[in-house]
Amino acid sequence: MTTNTFPDVARIDAHDKVRGATRYASDDSRPGMLHATLACATIGRGSIQSIDTSAARALRGVRLVLTHAELSRLQPAGFLLAGGYGVQSLQPLTSPNIAYFGQPIALVVAETLEVALQAAALIRTAYAVEPHQMGLDAPEADIVAQQESPLPKPMFEDVHVGDADAVFAQAAVQIDATYASAVQHHNPMELLATVAEWSEGRLTIHEGTQNAEGVRHGVARQLGIPAEQVRVISPQVGGGFGQKNSLQGQTVLAAFAARALGHSVKLVVRRSQLFHASSFRAATRHRIRLGADHGGTMLAAIHETDAQTSRHDLFPSVNAEVSARLHGIANFRARERLVRTDTQTPGYMRAPFEHMACFAFESAVDELAQALGQDPVALRLANDTQRDPVTGKPLSSRHLAECLRRGAARFGWARRSMAPGSMQDAEGQLIGWGVAAGAYKAATAPAVARLRVYDDGTALASVGVHEMGQGIRTALAAALSRKLGIEPDQITLDIGDTNSTPQHITVGSWGTATAVPAAVEAADAMLSALAELLPGDAAGRSPAEILRAAGRRSLDVAIRRKAPGQPDAVFTRLATGLPAPLGPNYPDFVSFSYIAHFVEVRVEPTTRRIRVPRVVSVADCGRVISPRTAASQVRGGVVWGIGAALREASEVDPRYGGFLNADLADYVLPVNADIGDIEVEFIDRADPLVNAMGIKGLGEVAMVGVAAAIANAVHHATGIRLRDLPIRIEHLM
Amino acid sequence: MHDTIHHAAATDPAKQLQPTRRGIMIGAVAAPIIIGAAGEASGQAPGALGADAVAVRISVNGTQHDLLLDPRTSLLDLLRERLDLTGAKKGCDHGQCGACTVHLDGARVASCLTMAVQAVGRRVGTIEGVSAATGALHPMQQAFIDHDALQCGYCTPGQIMAAIACVQEGHATSPEQIREYMSGNICRCGAYVGIVAAIADAAPKMQAG
Ligand code: FES
Ligand code: FES
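Line by line, the protein sequences are chains A and B.
Quick note: the first sequence uses my numbering, first residue 46, plus one each step.
Quick note: the second sequence uses my numbering, first residue 2, plus one each step.
Possibly wrong hints are sitting among the right ones.
As the list claims (entries may be wrong) - If you want the footprint, here are the derived chain A segments under chain B, 3+ residues with CB under 8 Å:
#1 63 to 70
#2 148 to 161
#3 671 to 680
#4 702 to 716
#5 720 to 728
I should point out that these hints are in silico values taken from the structure, not numbers from a laboratory.
Just so we're clear, the structure is a prediction, and the values are computed from it rather than from any experiment.
The beta-carbon is built from N, C-alpha and C at its ideal position, and this holds for glycine as well.
Taking the hints into account, I'd like the entire structure generated from these sequences.
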C-alpha cells in the first residue's frame, strides 16, 4: 500500500486548456466537413402523420434530409440499464411514433451550418396527438413498484433490515416528512456533438463521451457492422456529469449520414434541443420516517421514494443504498416506486440518487436534532457506525466522524447558537449555519492497462478511463511518475480512444479507483520486466537507462485487473462495452466515500434573498492522488449542490409536454456571483481494502449533502423548514 | 482547397465591405459584393453560398482574412468553422453562457451574438492570440493554471478572454467586483473560486506588464 501523500501539482492538461488548444469533438473543423442539425417534435405524445421535407431538400446547399422513412431499419442498441448501450431504448427517427416532446424527427445535412439550420426550420409535420402525462401524481397504472418490476434483483431490491415499521411505531421521537425535487438537466458546457467519418468501410466517431467503448459497440450494433470496424475517440470531454454516459440518439444519425454522403459529418445538438435529446435527473418525492429515543439514538427509518421514469424504459431508483448507510440505524425499510411519464428516459446526473436521498434524509436528521434539542453535529457523531448497517459486513474505511469534527473546527461551529433566527450580521441579515453528511459508493470497474517505456526517457500508458475535467490525466501521470521515476510530462496518456485499451464507462466515481491502481499495477509489472532485462544490475537505474544498457529501444507490458471478488467474466463485458462495476457491496466488506459539509447562508430580511458566502467541506475519499484537481472537484460538487438547492429546475409544460425553460437564460445555473468561499479538506487516508492504492471515489460524494446543509442552514436562519428543491425566495415570504 | 487567403497588406479597398456597425446589414442586403470568379476568394462550400454571399476582410489576431460569407454567419461560426480558431466555444449560441467570448477592438463580446460582418474593419482577438509569439503565456493564462481555475476546460477560453477584459475595464479591484463582472461566463464544472483567485492574482501582473 502507498502510504505517502501525493504532492500538490498543476493540472497536467491545463497548459493546453488555457490556450484554447485542447480539441473537443466539435472542434474538428477540417475543410469540406458537412454540417448536420436536428428537427424535433413539438407534441407531447402521438405519431407523425406526414412530414414534408421538400422545402428543406430544395434549399441550395442541402445534401441530405433523413426521417424515419430512411432509418426504420436501424437495429436497436438497447437501453444501458437493460443490457444495451443506449441512453434509452428509443432511437429517434426509427419510427413515426412520438414518445415525448422534443424527440428528434429529422436530420438535415448541408454544406454550411447556416443552411442546415434554415432547412431544418422548413420541415413541416402533421401529427396525431395523444394525451401525455408528465408528473409524479400519475394514475395507478403508471406507477411501478420496483420490487415487483422486471429490474434485476438483488441489484434493485428494496432495502429491508430489521423491523423498521414496528420500531418506528414505538419510537419516542418521530419525524415524518416528505421532500421533493424538480427535474434537472446536466448542461455540461460542451454540447453533445458527433463528428462521423468513414474510410474504407471503417467508421471513426469523434464525440465527447464518458463511454467510448459503449458508443462503439452500440453504434456498430445499430448499423449491423462488426465493432472492429468502429473507432470512437474521446480524449477530452467538455463536462459529462453522467449525461454522456452512453450511446446518445444523435450518434448513429451522424454516422448514417456520413456513410450515405461519403463525407464527414458534424452534428452538434443545440442547447435548446439538449433538454430533450439526452437524459435528465428525474423528479422525485421522498417520504422519510425517522424514529429515535429521547437520548438521540436513531432506531428506525423508512425511506419511500417515487421517482420518474419514461413510458418506454424503467430507469431504476436506488435511493436507500445510501440513505440506509449514512448512520448506524438497525432497522431500515425502503420502498422505491417508478412513475411512468411521457418524457425521454431519465438518467444518471451527478450523484443521481445520493443527492436527493441525502437531501431528504439529512434534512430529516436535522429535524430530529431540532425535536431533540440536540446539536446536529453531536447527533450524527453519536449515531456513527463502523459496520455496514445493511449487510452487517465491515466497512472498508469510514472516517465520517473525523470529517464532521474537522469540518466543525474549521468552520467555527462551536460559535453557533442553537435557536433558529438567533444569528444576524451587522446589516441585519439573518445568518444560518447548517451541516449535513454525504456518502457515495466506492465502486470499481475492471480495466486493462498497457504501458510502454522508451529508451529516451518517455513512456506511453493506456487504460480505460475518460477525462472530463475530473483530473484523471493528472492523477494517472502523478501515480505513474512516482512509480517509474519518469516526469509526468514525459508520459503520454492514451485514454478515451477505443483503439487503445477497452474504454469502460467512466461514471459512478469509479474512474480513479479503477484506472490508477491498474496503471500502477502495469508500472509494477514494468519494473519487474525491466529488472529481468538486467538481472542483478537494474537497481538504481531509470527505465531508460536499463533499456539502453540492455540495448532495447522500448519495452511493453500489459495487465488486467478487476474489482475484489469479481469473476473473470467481467472481462468479456469490458471488451464488449458493457458496464461491469462492482461496489459498494464487495464479498468481504462494504465501501463508501464520505463527506461533511458546513454551510453558512445569509438571508436578506425583506427580499429574502439567500446567499451562500462560505462552505467548508471535509471529504474521506481514501488516498488523494492529485490534491489540486481533487480540491477543484469538491468545489465543483459544492457548486452543483448550491445550484441544485437554490437554482436549478426544468419546468414541465403540462400543455404540450417537454421542458419549457430549455436554454441557459431560463434554466438558471450558478454563476460566479452566486459562489463565495469554499474551503476543502481531505482526510487523505488510504482505504486498506478496496484497492492497493487505497483510493475510493470523489466526484459525486462532493455534491452529496450540500443541498441538505443549505436547507438546514436556511432553517437555522429563518425557522422555516423547506422540503422542496429548489428553494426559492418566494418560499421564504 | 483552403478557404482563406492571407494578405500581408491591404488589397483593393473596393472589394471590401467597410460598413459602420449600423450599416452592415443594409450594405449586405442592398449592395452585396459577390465574388464569383475563381482566385479572388473562395468559400469553404461554394455550392451553399448563394447570391447574397458577401466578401469581407476580417482581422483576427492581427492576420487579415479575405472571405466569402453567408451573411448569416456568426463571428463564432466564422472563427470555428472557417478559420480553424476553435478556442472560442459554442455553449449556447444565444449569448447566455460566455463560452464564445472574444475581443472586438479590445472589448469582450459574445461572438455567437455578433454577426461576422460586424467584425469588418475591427480587430478580433481570440484566445489563440493571447500568448506571446514566443509561446510565453499571458499572466491570466498562467494564473488560471496556478489556481486551477478550470476542470474540463470547455468554458476556459471564454473565461480568460472575459477575465482579461474585466481587468482592462477596471472591474477587478475586489473579489466581489470580479464575481459580478465575471457572471456572464458560466462554468458548469464550478471552477469559480479558482477563477476569482486567478483574476485577483493576474490583475496586478497585467498592469505591471
Ligand atoms: S455560445 Fe455565445 S454566449 Fe454561449
Ligand atoms: S471548466 Fe468545465 S465548464 Fe468551466
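How the hints compare with the structure:
Under a criterion of three residues with beta carbons nearer than 8 Å to beta carbons of chain B, the stated coverage of the segment 63 to 70 of chain A is upheld, 7 such residues being counted. With a threshold of 8 Å between beta carbons, the proposed coverage of the segment 148 to 161 of chain A by chain B holds, since 6 of its residues qualify and at least three are required. Against chain B, the segment 671 to 680 of chain A contributes 6 residues with a C-beta closer than 8 Å to a partner C-beta. That satisfies the three-residue criterion, and the hint holds. With 6 residues carrying a beta carbon less than 8 Å from a beta carbon of chain B, the segment 702 to 716 of chain A meets the three-residue requirement, and the given coverage holds.
Here the segment 720 to 728 of chain A counts 3 residues with a CB under 8 Å from a CB of chain B, which clears the bar of 3, and the coverage holds.
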